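Trainee: Top to bottom, those sequences are chains Z and R. If you count by the working numbering, then the first sequence holds residues 1 to 245, one letter each, in order. If you count by the working numbering, then the second sequence holds residues 1 to 255, one letter each, in order.
No wet-lab data here; the hints were simulated from the structure. Treat the numbers as computed from the prediction; the structure is a model and nothing was measured. Take these hints with a grain of salt, some might be off.
[To be verified] Within a straight-line C-alpha distance of at most 25 Å, the following computed DMTMM-like cross-link-like pairs (lysine to aspartate or glutamate) qualify:
#1 R:K141 / Z:E7
#2 R:K85 / R:D118
#3 R:K30 / R:E239
#4 R:K85 / Z:D115
#5 Z:K28 / R:E105
#6 Z:K28 / R:D123
#7 Z:K28 / R:E35
#8 Z:K28 / R:E121
#9 R:K141 / Z:E35
#10 R:K20 / Z:D115
#11 R:K141 / R:E163
#12 R:K117 / Z:E7
#13 R:K141 / Z:D115
#14 R:K192 / R:E35
#15 R:K57 / Z:E7
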Amino acid sequence: MFENIGEIILLFWRTVMALPLAWRQRQKVLEQFFEIGNASLLMVCVLSFFIGAVIVLQTGPVMVEHSLTSAVGGIAGIAMAKELAPVMMAILIAGRIGSAFAAEIGSMRVYQEIDALRTMNINPIHYLVLPRLIAIAVALPMLVVFAILVGWFGGAVVAEANNHIGIPFQTFFHDLRDIVVTKDVANGVFKSFCFGVVIGVVSCHQGLVTIGGPRGIGRSVTKAVVNSIVLIVIFDYILTRMLLK
Amino acid sequence: MNGQPDHQNTGVGLQVRGLKKSFGDNEVLKGIDFEVQPGEIFVIMGPSGSGKSVLLKHLIGLEAPDDGEILINGESVHSEEIAAKYRMAMVFQSGALLNSLTVGENVGLYLAEHQLKDPEEIDKIVSEKLDDVGLKDAVGKMPSELSGGMKKRAAIARALVIEPQLILYDEPTSELDPLSSVVVGEEILKLKERIHVTSLVVSHDRDLAFGIADRIAVIDEGQILTIGTPDEVKNCREERVQKFLHAYLKKTDSK
Numbered sequence: 001m002f003e004n005i006g007e008i009i010l011l012f013w014r015t016v017m018a019l020p021l022a023w024r025q026r027q028k029v030l031e032q033f034f035e036i037g038n039a040s041l042l043m044v045c046v047l048s049f050f051i052g053a054v055i056v057l058q059t060g061p062v063m064v065e066h067s068l069t070s071a072v073g074g075i076a077g078i079a080m081a082k083e084l085a086p087v088m089m090a091i092l093i094a095g096r097i098g099s100a101f102a103a104e105i106g107s108m109r110v111y112q113e114i115d116a117l118r119t120m121n122i123n124p125i126h127y128l129v130l131p132r133l134i135a136i137a138v139a140l141p142m143l144v145v146f147a148i149l150v151g152w153f154g155g156a157v158v159a160e161a162n163n164h165i166g167i168p169f170q171t172f173f174h175d176l177r178d179i180v181v182t183k184d185v186a187n188g189v190f191k192s193f194c195f196g197v198v199i200g201v202v203s204c205h206q207g208l209v210t211i212g213g214p215r216g217i218g219r220s221v222t223k224a225v226v227n228s229i230v231l232i233v234i235f236d237y238i239l240t241r242m243l244l245k
Numbered sequence: 001m002n003g004q005p006d007h008q009n010t011g012v013g014l015q016v017r018g019l020k021k022s023f024g025d026n027e028v029l030k031g032i033d034f035e036v037q038p039g040e041i042f043v044i045m046g047p048s049g050s051g052k053s054v055l056l057k058h059l060i061g062l063e064a065p066d067d068g069e070i071l072i073n074g075e076s077v078h079s080e081e082i083a084a085k086y087r088m089a090m091v092f093q094s095g096a097l098l099n100s101l102t103v104g105e106n107v108g109l110y111l112a113e114h115q116l117k118d119p120e121e122i123d124k125i126v127s128e129k130l131d132d133v134g135l136k137d138a139v140g141k142m143p144s145e146l147s148g149g150m151k152k153r154a155a156i157a158r159a160l161v162i163e164p165q166l167i168l169y170d171e172p173t174s175e176l177d178p179l180s181s182v183v184v185g186e187e188i189l190k191l192k193e194r195i196h197v198t199s200l201v202v203s204h205d206r207d208l209a210f211g212i213a214d215r216i217a218v219i220d221e222g223q224i225l226t227i228g229t230p231d232e233v234k235n236c237r238e239e240r241v242q243k244f245l246h247a248y249l250k251k252t253d254s255k
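In isolation and in its complexed conformation, chain Z is listed as follows:
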């Protein structure tokens, strides 16, 4: 991965330079946007509900035991908004959408479709990378906002239903609102935007450098997902450090 970091940065720069052409590609952006949302919404819903639920299940009984009942909502709220929703959704999207980007572009490369585009003077970055990158950079933050809300809901359900916690639904959200501020959600959304860009660029790059037949496509898909996840974790630390100031 690290030997290709220069190429990945160059691809990102070329895609940014192509942003003025985004309006031309609006149809493809919408198609990709629909694809990402449609493919992921249910999974995002299930995943974030249970993440929110398990945070409250793990922390709730301990907090209640130590007479910190009012902090349960806040801890679940902060954890979901600032860390778990952005990172977990990014990992989910890297697996579902990053792999699809690498496979689609990789097979186009292997079967000479990208060469065909070049002979028609159609820039593959404008035609393939730009719409995907815009779509994922917009869709992932939206999915994360949705995931945060569902995660909070999951936490609230467990807080009320579990006998060892027993915090009413309204109290949970009241406590949550006391601690979580808009900036916390904005931090999570900003992080997810950055993760979306990372997944988009890494996966499209991996597709564009695919060589060999179906085996090469398989290798590219694996590399796209693994490299995206490694970079998400690294970027998560860097962004968290930056946003702490």
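Since the structure of chain Z is provided, determine the placement of chain R on it from the hints.
Mentor: Relative to the frame of chain Z, chain R by itself:
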């Protein structure tokens, strides 16, 4: 391979001088020299692995040579202006149709992406070009629904939309039955008559080469062995040329 096409319909001249290319230690092209005249059908023949497809990729600018130059009407194929100045198209061995688009969308892709015509006009042109290659009914089909021959003809239709001055064909009859091969060969000849396009065909199909070529070059191990008219090539005394041209399967007596 261009931006805004002008409307001159004459083929372009192509010059290849001292072209060399290696991949690692493997020297694929060892100094290729030839010229193609405007409007000519020039066929490059040779056995598999002789460097034909690599040569073709250099001609369309998909590969950069280690040494030598490729000129179109005297200008380097790698210059910035060449794409805007001359219209070139390539018909790939596999057709290289975009599998996520319909045949019609594939054929109209160049016009749509460069926004050269409005959608109604594009539909009309696509319909005309597909009709030219006998595929009018395939406009809404996906490439996966087409046979090998139909894919090749759809790829030719996609190339025609560019109104090219130079068309490169990579093994246009490979994987085709004899009848489909004849249809593709006839298409290449028709284009020469109709739009005076310069055609460069890379093939190991001897029937196609001798049926359509104005001149033929035989290439082997990255070197050109001979260049001439079909008759001149048939009468060439070079041993490797004769071996390639007269290679037939001999049925052995198993008794």
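Trainee: Under the criterion that the straight-line Cα-Cα distance not exceed 25 Å, is the pair R:K192, R:E35 satisfied?
Mentor: holds, 18 Å
Trainee: With a cut-off of 25 Å on the C-alpha distance, tell me whether R:K30 and R:E239 pass.
Mentor: It holds: about 19 Å lies between the C-alpha atoms, which stays within 25 Å.
Trainee: Are Z:K28 and R:E105 close enough, with their CA atoms no more than 25 Å apart?
Mentor: holds, 14 Å
Trainee: Holds or violated: are the alpha carbons of R:K117 and Z:E7 at most 25 Å from each other?
Mentor: Violated, because 35 Å separates the two Cα atoms, which is more than 25 Å.
Trainee: With the threshold set at 25 Å, check whether the alpha-carbon distance from Z:K28 to R:E35 stays at or below it.
Mentor: violated, 42 Å
Trainee: Please verify whether R:K141 and Z:E7 have alpha carbons no more than 25 Å apart.
Mentor: Distance ~37 Å between R:K141 and Z:E7 Cα, so the pair is violated.
Trainee: Take a quick look at whether R:K85 and Z:D115 sit within 25 Å of each other, Cα to Cα.
Mentor: OK: R:K85 and Z:D115 at ~20 Å, within 25 Å.
Trainee: Decide if the proposed pair is consistent with the structure: Z:K28 and R:E121, CA atoms, cutoff 25 Å inclusive.
Mentor: With Cα atoms ~21 Å apart, Z:K28 and R:E121 stay inside 25 Å; holds.
Trainee: Between R:K57 and Z:E7, is the straight-line Cα distance small enough, at 25 Å or below?
Mentor: Status holds; Cα separation ~23 Å.
Trainee: Does the alpha-carbon distance linking R:K85 and R:D118 stay inside the 25 Å limit?
Mentor: Since the Cα atoms of R:K85 and R:D118 sit roughly 23 Å apart, the hinted pair holds (cutoff 25 Å).
Trainee: Starting from R:K20, check that the Cα of Z:D115 is at most 25 Å away, please.
Mentor: holds, 21 Å
Trainee: Straight-line Cα separation of R:K141 and Z:E35 no greater than 25 Å?
Mentor: Holds - the C-alpha atoms of Z:E35 and R:K141 are around 22 Å apart, at most 25 Å.
Of the numbered hints given earlier, the model fails hints 1, 7 and 12; all others are met.
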